[in-house]
Amino acid sequence: MKVSDLLEKVREQKPLVHHITNWVTIYDCANIVKVLGGSPVMAHAPEEVAQMTNIASALVLNIGTLTNDLIEAMKIAALAANKKNIPIVLDVCGAGATKFRDQKILELLEQVKIDIIKGNASEIARVSGLDVSTKGVDSSEVNTDLTLVAKQLAKQKDCIVVITGKIDIIASKDKCFKVKNGNEMMEHVVGTGCMAASVIGTFAAVGDDLAIAACAGLCAYEVAAEQAVNISSGPATFKEKLFDCIFNLKSSDIDASQRIE
Amino acid sequence: MKVSDLLEKVREQKPLVHHITNWVTIYDCANIVKVLGGSPVMAHAPEEVAQMTNIASALVLNIGTLTNDLIEAMKIAALAANKKNIPIVLDVCGAGATKFRDQKILELLEQVKIDIIKGNASEIARVSGLDVSTKGVDSSEVNTDLTLVAKQLAKQKDCIVVITGKIDIIASKDKCFKVKNGNEMMEHVVGTGCMAASVIGTFAAVGDDLAIAACAGLCAYEVAAEQAVNISSGPATFKEKLFDCIFNLKSSDIDASQRIE
Amino acid sequence: MKVSDLLEKVREQKPLVHHITNWVTIYDCANIVKVLGGSPVMAHAPEEVAQMTNIASALVLNIGTLTNDLIEAMKIAALAANKKNIPIVLDVCGAGATKFRDQKILELLEQVKIDIIKGNASEIARVSGLDVSTKGVDSSEVNTDLTLVAKQLAKQKDCIVVITGKIDIIASKDKCFKVKNGNEMMEHVVGTGCMAASVIGTFAAVGDDLAIAACAGLCAYEVAAEQAVNISSGPATFKEKLFDCIFNLKSSDIDASQRIE
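Residue numbers (the working numbering), protein chains in the order written: chain A, 925 to 1185; chain B, 925 to 1185; chain C, 925 to 1185.
Calculated directly from the structure, the hints in this document are not laboratory data. Do not rely on the hints blindly, as some may be mistaken.
[As the list claims (entries may be wrong)] In silico DSS-like links for lysine-lysine, alpha-carbon gap of 27 Å or less: (1) A:K926 to A:K1059; (2) A:K1008 to C:K1023; (3) B:K1059 to C:K938; (4) A:K999 to C:K1023; (5) C:K1007 to B:K1090; (6) A:K1102 to A:K1059; (7) C:K1007 to B:K1023; (8) B:K1102 to B:K926; (9) A:K1079 to A:K999; (10) C:K938 to C:K1174; (11) C:K1007 to B:K1059; (12) C:K1090 to A:K933.
Chain A with its partners taken away, still in its complex shape (with noise of 0.2 Å):
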């Protein structure tokens, strides 16, 4: 797989992203995919969220903080998407602490087509049936196989399910991608996998195969991250470098980095 070539796909192509996301990350999430060579745009009123996807090249959902008006959006602009057919990221954020979240996960699973489903271990796991609860927004410990879970997961639902976490896994319903370039640091800091989500749907818009972009866009963000991680001092300067590294982050970096299996 060549990361690096998709990375430039992005900065040529400088997609439009459009994200219905939560308050608490939103910034970080927009900045991201303006780092990477994207622009990005944040807009939720049901009265615009149609014609925003139909300018952009990808959609980016998080529930981190929904509603139901936000929810409502979201379907909105999904089906737009869906008509437009541009992919659709889903991040289940905070899916198993709530049945609020878990119902309206559901409705959305349900209502639109979702393309890639991304999550944590205990996110993904719930999402998937399994009876497990998550601790707020962080991932809980499962005890069970993930990339089994991420498989089934997707082949259930006929989408790219990804898995975050120090070893990153990427199924679709026949392949199954693992990024192993992940390190502690990033779960030290807020925002770091909304932020993936981002840079998923940042490379899903420049990409075909959605696996590889998922792949592709994550292996790109933590090499990055490998890099911001040995010039700071802690996760405050952690998070500012790695919008550096990602903007500065060069093909030869990455082709020297890249741990996929």
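Once you've looked at the hints, dock chains B and C against the given chain A.
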């Protein structure tokens, strides 16, 4: 008071701290809990706030960008917290700036049990009934004995009252502490007050004595701030270093620097 | 034009600048006002916006993540600002991206008196009636004489029109300035445009001549940006250093570097 012991408890127990807060500093509030070692969650849909509070160890409410809907969600969450007997911190952000804020604070204080009321000098003076106004969300000068104000309000509401400033005042109905580790740079960054409430909530989540927890939290936060200001060139580098310094804060640093009376 | 004199007035008077803005860059908008020496407040509940505007010295409106409710709050606040005769800056963020935005901008311009309309090239072209579309919130190329567009719109609406870009254009009905201190790095960070509106609002709060205030604000902001870019390794360190440089900005720095025509 052994401040560092409580910080170690936060790091060991990783308490889930549920926030219903403002849209300005929501990220920073989450991130400060994270770098302390806790697990933040921000959720405000009325359908899920009770359940989210039920899995949390503390609830932090901040009215910085309040609306009627948000206040109603706060009440639901607060009743759940009262029932579960976990501490609630209320940041009375902007008290005295508008009648709407004053009314909503009154409603919250009447309808639910708030364990810790936190604000700057003019906000707390206003909540205690004095005829002062707040210039937006920044403190106005208050020509009164703040310690007395805090003590009286604590007695009246049977709760802990925290007035943040260069010297923080923490009063319960029968004791009063002062934390003298504050520094001026904190006034030049948006969000240091909001983050203080999140820090207090995180410590309250693991402490038995809420006055001591509030005091210890502020002390740890401000010792880290003193370290950060020494390696900063202005308010933005200060804020970044503050997160790093909290993450790296050693018990011995706190023990050597804490100035509590 | 003595830009540094107006910066000193901001630092002395510490004007309260009320914002009703978007959820993406709301923190940065507040923080830029703070590091300039002003006092930001963000409040959008319809019940309190008039009273909050009444204690403020300027009102900044930004439609980046507009909803019908938010626009109604903006109208209430704007009428209060008009009555009190304090300046209103409207950032027409995303004009041309959707019909909803265009309609709401039209409503605002018809129902209240906006003192300063601010946008990027394609946004302002759209507001002036040209048939251009905006790619989300990033500027599209506009093949027209921007200075003429700004002047005509200023005359038509009897207000100041600001087009931000590498060269900023500030037009009133009878004069026109250009600020040439912009640099390319500003385009690589989400929020530099929104912050520009907050800077303009802060300077407008203390200046008598709004065109000069807008011009001076942008010049101070961009001189600090030039300093910041020289000590940065990418967009994120740039943004952080920008806040520090504004906080530390000296009159002599501005006097030596300002490029206004």
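Hint by hint, here is what the structure shows:
For the hint linking A:K926 to A:K1059, the alpha-carbon distance of about 36 Å lies beyond 27 Å, and the restraint is violated. Pair hint A:K1008 plus C:K1023 holds up; C-alpha atoms about 19 Å apart against a cutoff of 27 Å. Distance restraint check for B:K1059 and C:K938: the Cα-Cα separation of roughly 10 Å lies within the 27 Å cut-off, and the hinted pair is therefore satisfied. Between A:K999 and C:K1023 the CA atoms are separated by roughly 19 Å; this keeps the pair inside 27 Å, and the hint holds.
Taken as a hint, the C:K1007 and B:K1090 pair is broken in the structure, with Cα atoms around 38 Å apart against an allowance of 27 Å. Pair hint A:K1102 plus A:K1059 holds up; C-alpha atoms about 25 Å apart against a cutoff of 27 Å. Restraint check for C:K1007 and B:K1023: satisfied, since their Cα atoms lie roughly 20 Å apart, inside the 27 Å limit. For the proposed pair B:K1102 and B:K926, the alpha carbon gap of about 15 Å is at most 27 Å, so the pair holds.
Only pairs whose Cα atoms come within 27 Å are accepted, and A:K1079 paired with A:K999 is accepted, the gap being roughly 23 Å. Proposed proximity of C:K938 and C:K1174 is supported: the alpha carbons are some 17 Å apart, at most 27 Å. Simply put, C:K1007 and B:K1059 have alpha-carbon atoms about 20 Å apart, close enough for the 27 Å limit, and the pair holds. Only pairs whose Cα atoms come within 27 Å are accepted, and C:K1090 paired with A:K933 is accepted, the gap being roughly 26 Å.
In this structure, the earlier hints numbered 1 and 5 are contradicted, and the remaining ones agree with it.
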